[in-house]
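One line per chain: the protein sequences are A and B, in this order.
All residue numbers for the first sequence refer to the working numbering, where the first residue is 1 and numbers rise by one.
All residue numbers for the second sequence refer to the working numbering, where the first residue is 1001 and numbers rise by one.
Honestly, the hints are just simulated from the structure, not real lab data.
Just so we're clear, the structure is a prediction, and the values are computed from it rather than from any experiment.
Any given hint could be a false lead.
Said to hold, decoys possible - Straight-line C-alpha distance at most 27 Å; calculated DSS-like pairs for lysine-lysine: (1) 1269/B <-> 160/A; (2) 1228/B <-> 136/A; (3) 243/A <-> 160/A; (4) 1151/B <-> 1140/B; (5) 243/A <-> 203/A; (6) 1269/B <-> 243/A; (7) 75/A <-> 203/A; (8) 171/A <-> 160/A; (9) 243/A <-> 171/A; (10) 171/A <-> 1269/B; (11) 75/A <-> 243/A; (12) 136/A <-> 75/A.
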Amino acid sequence: MLKSIIALALIGCFAVPAMADEDSERAAHWQELQQAFFGDRTVQPGEGTVSLDAPMRALDASLVPVSIVTAPDSKVTGLYLVIDDNPGPLAAYVTYGPRGDPGLLTLRVRVNQYTLMHAVAETAGGRLIGSERFVKAAGGCSAPVGANEAQSLAEIGRMKLRISGPVEADKPVLAQLMIRHPNFNGMQMNQLTRLYTPMRIVKTVDITLNGEPVLSLDGDISLATDPVIGFRFVPRPDSLPAKLHVVVRDSDNAVFEQSFDVPASGS
Amino acid sequence: MLHRRHAMFHTFLGGLCLCCLPSVARATSFALKEVAPGIHVRRGVDEEASPGNADAIANAGFIVGSRSVLVFDPGGSLADGAALRALIREQTGLPISHVVMSHVHPDHVFGAGAFAADQPAFVGHARLPASLAARGDYYKERLEEILGPGKAGPVVMPTVTVAETMEIDLGGRLVRLTAHGIAHTDNDLSLLDSATGTLFCGDLLFVGRVPSLDGSVLGWQTELDRLKSLAAARAVPGHGPEQVAWPAGAADLERYLRTLVQETRQAVKDNIGIEAAVETVAAGERGRWTLFDAYNGRNVTQAYKELEWE
Chain A
1 MLKSIIALAL
11 IGCFAVPAMA
21 DEDSERAAHW
31 QELQQAFFGD
41 RTVQPGEGTV
51 SLDAPMRALD
61 ASLVPVSIVT
71 APDSKVTGLY
81 LVIDDNPGPL
91 AAYVTYGPRG
101 DPGLLTLRVR
111 VNQYTLMHAV
121 AETAGGRLIG
131 SERFVKAAGG
141 CSAPVGANEA
151 QSLAEIGRMK
161 LRISGPVEAD
171 KPVLAQLMIR
181 HPNFNGMQMN
191 QLTRLYTPMR
201 IVKTVDITLN
211 GEPVLSLDGD
221 ISLATDPVIG
231 FRFVPRPDSL
241 PAKLHVVVRD
251 SDNAVFEQSF
261 DVPASGS
Chain B
1001 MLHRRHAMFH
1011 TFLGGLCLCC
1021 LPSVARATSF
1031 ALKEVAPGIH
1041 VRRGVDEEAS
1051 PGNADAIANA
1061 GFIVGSRSVL
1071 VFDPGGSLAD
1081 GAALRALIRE
1091 QTGLPISHVV
1101 MSHVHPDHVF
1111 GAGAFAADQP
1121 AFVGHARLPA
1131 SLAARGDYYK
1141 ERLEEILGPG
1151 KAGPVVMPTV
1161 TVAETMEIDL
1171 GGRLVRLTAH
1181 GIAHTDNDLS
1191 LLDSATGTLF
1201 CGDLLFVGRV
1211 PSLDGSVLGW
1221 QTELDRLKSL
1231 AAARAVPGHG
1241 PEQVAWPAGA
1251 ADLERYLRTL
1261 VQETRQAVKD
1271 NIGIEAAVET
1281 VAAGERGRWT
1291 LFDAYNGRNV
1301 TQAYKELEWE
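Extracted from the complex, chain A is given alone in its bound form:
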């Protein structure tokens, strides 16, 4: 399903004018994208339910930090991050399992040109609720490969998990998963060979807690080198200390897995 969405989006994106700088053009493009991603379902504005934060002017277009906050009890089951004018506008699609908490999601993305960005939350009742931001950044997708990407390729699949704040049963725990992966998007050209560095991107990230799903992320070419995902999980009572397990699959069918110990606070 998501694959077909991404395929549609890719087709859609190449039809986009290089510089859609009129508000009406941007709005029309978002209409097209909604049609591609969600068909006849409409996305309702809902700043109260979902909010998107990103720097108005990005310092580094190849690493733009983005955060999505959803209201408690809004029964969000999935989140879409759309970067309207990127080639491949659907940057990420996240679905939550019983151990996941959609209250906060942070990602780092590439931004190719001045663009609207949309966060769309899907609720258990099937509603789609969105909010948008305008981001000034350019060149993030085709920015040449640097020393960082070389390092990233050398350590591909290495992961780190950082947990901040207390870890208590039945309460959301804030965590950050870091994945070494160059996420080559196929748009970075080697001028000597005139060849593009072949695309190699993180396709899926599945996180479970003691075997129960926390979240699944479908990535695309817009995730920055060394993807970093900030998220929340909720330990069951009597389940601490727990094991958080991560499985990353990339477009070369490489699979990277790692387990992390989650100690209870104070233990």
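Model the placement of chain B on the given structure of chain A, informed by the hints.
Structure of chain B alone, referenced to chain A:
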């Protein structure tokens, strides 16, 4: 439109140091300064690249031996390189045997085309060809968005590369090039003229103009220590005055890098996200550097993504 292009251009290049000058005329109005016998430096202006300054924003210099001339950084555009070449010809008619490109950034390489007729050895770090291959055309396009079509100059590949060190005899004058580990970029070269104790640092040394980080902050500290250990009385920075006392002239850069490392590590430790860290890390350095706000946030981003993996 022009305004927007400028804004976009700076975003494109981020910290990659395509700095500036208002007009070729003004660029060349900087008098050549002889910092030591036979060693001349043309100061770059502390601005971003603009049509007015022809990207003559980095320092460019040359060393005259008894047989030939070596250029250390040929200028930031074809016009800037041509202006530099004219300045050289006012000083000496000796052949220009070597053009050293200190690293990949546009303000340090695009003048090289102006020296093609001299058929010099174009000298760069062993990693420069790969970096120029990856970025050269991209930089050229971005620079021409500012300067105008055809105004950047060709991407000139090095014909001689340095993997560790190399000595060059200019006739009664031996200079030594050193290829550095990943620091300001992954392809930084420095040059030491032992006879006068003059050290050309390229962008391993910024003075006054805020440093830009495009390699490794920890590596930069290491390589700066290495430069400080060299027997040099003066250094020529990549940006800043024609010369500073050495190693005293490294003090501001050292303090900036140390602050960047310490405060970024603290932000990572305190789970302060990258979006908040760019606002706070090294904020105490604002006011001590020109163009601080154009580069510091990006430097923090670079440092953060390096140090968060420690």
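Right, here's what the structure says about each hint:
About 13 Å separates the Cα atoms of residue 1269/B and residue 160/A, which keeps this hinted pair within 27 Å; it holds. A threshold of 27 Å between alpha carbons decides the hint, and for residue 1228/B with residue 136/A the separation of about 40 Å lies outside it, so the pair is violated. For a cut-off of 27 Å, the pair hint linking residue 243/A to residue 160/A stands: about 14 Å separates their Cα positions. A hinted pair counts as satisfied when its Cα atoms are at most 27 Å apart, and residue 1151/B with residue 1140/B qualifies at roughly 9 Å.
Of the supplied pair hints, the one linking residue 243/A and residue 203/A holds, its CA atoms being roughly 23 Å apart against a limit of 27 Å. Pair hint residue 1269/B plus residue 243/A holds up; C-alpha atoms about 22 Å apart against a cutoff of 27 Å. As the CA atoms of residue 75/A and residue 203/A are separated by approximately 26 Å, the hinted pair is consistent with the 27 Å bound. As the CA atoms of residue 171/A and residue 160/A are separated by approximately 22 Å, the hinted pair is consistent with the 27 Å bound.
Restraint check: the Cα-Cα separation between residue 243/A and residue 171/A comes to about 16 Å, which is no more than 27 Å; the hinted pair holds. At most 27 Å may separate the alpha-carbon atoms for a hinted pair to count; residue 171/A and residue 1269/B meet this at roughly 23 Å. For the suggested pair residue 75/A and residue 243/A, the alpha carbons sit about 25 Å apart, so the restraint of at most 27 Å is met. Proposed proximity of residue 136/A and residue 75/A is contradicted: the alpha carbons are some 32 Å apart, above 27 Å.
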